[in-house]
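Participant: Using this note's numbering, you'd call the opening residue of the sequence shown number 2 and step up by one each time.
No lab work stands behind these hints, which were simulated from the structure alone. Do not take every clue at face value.
[Claimed, not checked] Derived SDA-like pairs (lysine to any residue); straight-line CA-CA distance at most 25 Å: (1) 162 - 193; (2) 285 - 339; (3) 266 - 50; (4) 162 - 175; (5) 18 - 245; (6) 47 - 57; (7) 283 - 263; (8) 266 - 101; (9) 53 - 131; (10) 277 - 260; (11) 273 - 47.
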Amino acid sequence: MGLREGKMIRFNNDYNKPAHSEVLKAINDISDVSYPGYGLDELCEKAKAEIKKYINKPEAEVHFLVGGTQTNFIVIASALRNYQSVISADSGHISVHETGAIENTGHKVETATGKDGKLTASQVREVAENYKISGVKEHITEPKMVYISFPTEFGTIYSKKELEAISAVCKEYGLYFFADGARLSYGLAAEGNDVTMEDLANLTDVFYCGGTKCGAMFGEAVVITNKELMTGFRSYMKQNGALLAKGWLLGAQFNALFENGLYFKIAESAVKYAMKIKKAFKDKGIKAYIESPTNQQFVILTQTQMDKLSAKYAFEYEGRYDETSHIVRFCTSWANTEEEVNELVGDIGRI
2 MGLREGKMIR FNNDYNKPAH SEVLKAINDI SDVSYPGYGL DELCEKAKAE IKKYINKPEA
62 EVHFLVGGTQ TNFIVIASAL RNYQSVISAD SGHISVHETG AIENTGHKVE TATGKDGKLT
122 ASQVREVAEN YKISGVKEHI TEPKMVYISF PTEFGTIYSK KELEAISAVC KEYGLYFFAD
182 GARLSYGLAA EGNDVTMEDL ANLTDVFYCG GTKCGAMFGE AVVITNKELM TGFRSYMKQN
242 GALLAKGWLL GAQFNALFEN GLYFKIAESA VKYAMKIKKA FKDKGIKAYI ESPTNQQFVI
302 LTQTQMDKLS AKYAFEYEGR YDETSHIVRF CTSWANTEEE VNELVGDIGR I
């Protein structure tokens, strides 16, 4: 039976369960302990140290925020002057899924048509070069930051070579390079991935390790490696409501995720299950909308197929593909069980 006490089996996103049991235990273990506020506690310091072990940059700064959109606009707006803009793929989260949060801070999002959700070094160069040769710099926004996500909104990942190419263009034109890691653990766990957290630290100016979608109850860990972006960052957090008074709750969660590599382990099962679902659709002759190696799988279904699966499973509608079919997303997470996945696979074979 696909229903659990009247509830759907959820493949609609990767944040539909509270938190991994080890994270919940870490919070419960400190329920009777008092700490200083605003992240000035030993749990946050320990979590920062654990994260720094994976990037080999002791001089980096780590800051804990609550959610992805908040993190994106804080990082971008704190880095840019009010006449500067950020470059993104047209499908980038900051461009399509943040209700104008970046624009609300006074910064334009300059988009380029992404291939499989990815921005290329040549696209970055084109935007930067057009500004350089415009002859009217004071009349247009100055591109100053490049935004990507790893994985992308379509679940695709950048190779190390692709990141190196973007990083080189950023250095050539004096642009900051920012990687959104809301689903970072799933990207790192993908088959064929050759990028590490240390690579991200070396190639970007700032990136973050997502917690909300990767086993935490809430939270994102921002890693800043460029000293220019460190000045006043906590002040900007506070000014914009992002400095959590009970900051130790973030420290406890990220310590639980990173001290024994849990962050990486729990993503492996999610990706494994996603590949199993991907194969089930392929075996049924159902086309993928895009080839994704991570926990997000996009497929093209007819209305009848959607109706049959939606009776038991929650998944995300992405839009119309043509007159008779639709694009949908099945998203696995650290919380999905093998039983749930096997049940879905069986039902895919019967639609």
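Participant: State for each hint whether it applies.
Facilitator: We went through each hint and held it up to the structure:
no., hint, verdict
1, 162 - 193, "holds, 13 Å"
2, 285 - 339, "holds, 20 Å"
3, 266 - 50, "holds, 19 Å"
4, 162 - 175, "holds, 20 Å"
5, 18 - 245, "holds, 22 Å"
6, 47 - 57, "holds, 15 Å"
7, 283 - 263, "violated, 31 Å"
8, 266 - 101, "violated, 34 Å"
9, 53 - 131, "violated, 37 Å"
10, 277 - 260, "violated, 29 Å"
11, 273 - 47, "violated, 31 Å"
Taken one by one, the earlier hints fail for this structure at numbers 7, 8, 9, 10, 11, listed in ascending order.
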